[in-house]
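J.: The sequence shown begins at 1 in our numbering and counts up one residue at a time.
Do not take every clue at face value.
[Stated by the list, open to error] In silico EDC-like pairs for lysine to aspartate or glutamate, Cα to Cα no more than 16 Å straight-line:
#1 Lys135 to Asp69
#2 Lys179 to Asp160
#3 Lys72 to Asp27
In short, the hints are calculated from the structure, not lab data.
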Amino acid sequence: MAVAQALQCTSDITAPALKRICSDKFDSERQMLNNKYLTAYLITDAPVRLLQDTHLTWLNRMQQCKSNDCFKQQFELRMDDLDIYTSMNQSLTQHYLKYENGLIAKQPVHLQVHQLSKDRIKIEGIAYRNPNNRKETQNIAFLAYTTPENKQEIIDNEHDCKYNFNFQKALLTVSSQQKGCERFNGIYRLYD
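All chains, please: the whole structure from these sequences, using the hints.
T.: And the structure:
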């Protein structure tokens, strides 16, 4: 029987960053991450494909790390993500990942549209940047509140950017004409 594991360290690993996180130095972090990943895999009502794809984007960010502190921060961030997937009711949340040319964007962006009540929607997002940056500049946050009737024109409360959200069946197109607000522009795929 195959078991869902966050990290499988085998002797044929060649990527330097993966060799590093598979070393004894990160044994306890790997074990905790594997346990949280398995728990999330078994009990979350978020789509399993979302867990897998966000995990791949996390691994790609992890491979950019150059210091042990960066690796530790990335372990902590992924464990926090997995905690959210297992603790929140994901059935009222739509998850979107940014895609470019049919693949998850190289600079990943994750948007979540939460139905808070019948007339209130919360849109949260995070754009991931280089994990070697200072901790406060590794991510760009997005936060907006709206109603079902007004979910086309969204103002990001974090940066005062105005976006046009075009929801289609399985896609979301986000665009802004404002200078400095381009980070969240793009095409997103719905995970359900």
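J.: Please go over all the hints and tell whether each is borne out by the structure.
T.: These are the hints, each one checked on the structure:
no., hint, in the structure
1, Lys135 to Asp69, "10 Å, holds"
2, Lys179 to Asp160, "11 Å, holds"
3, Lys72 to Asp27, "11 Å, holds"
In this structure, every one of the numbered hints holds.
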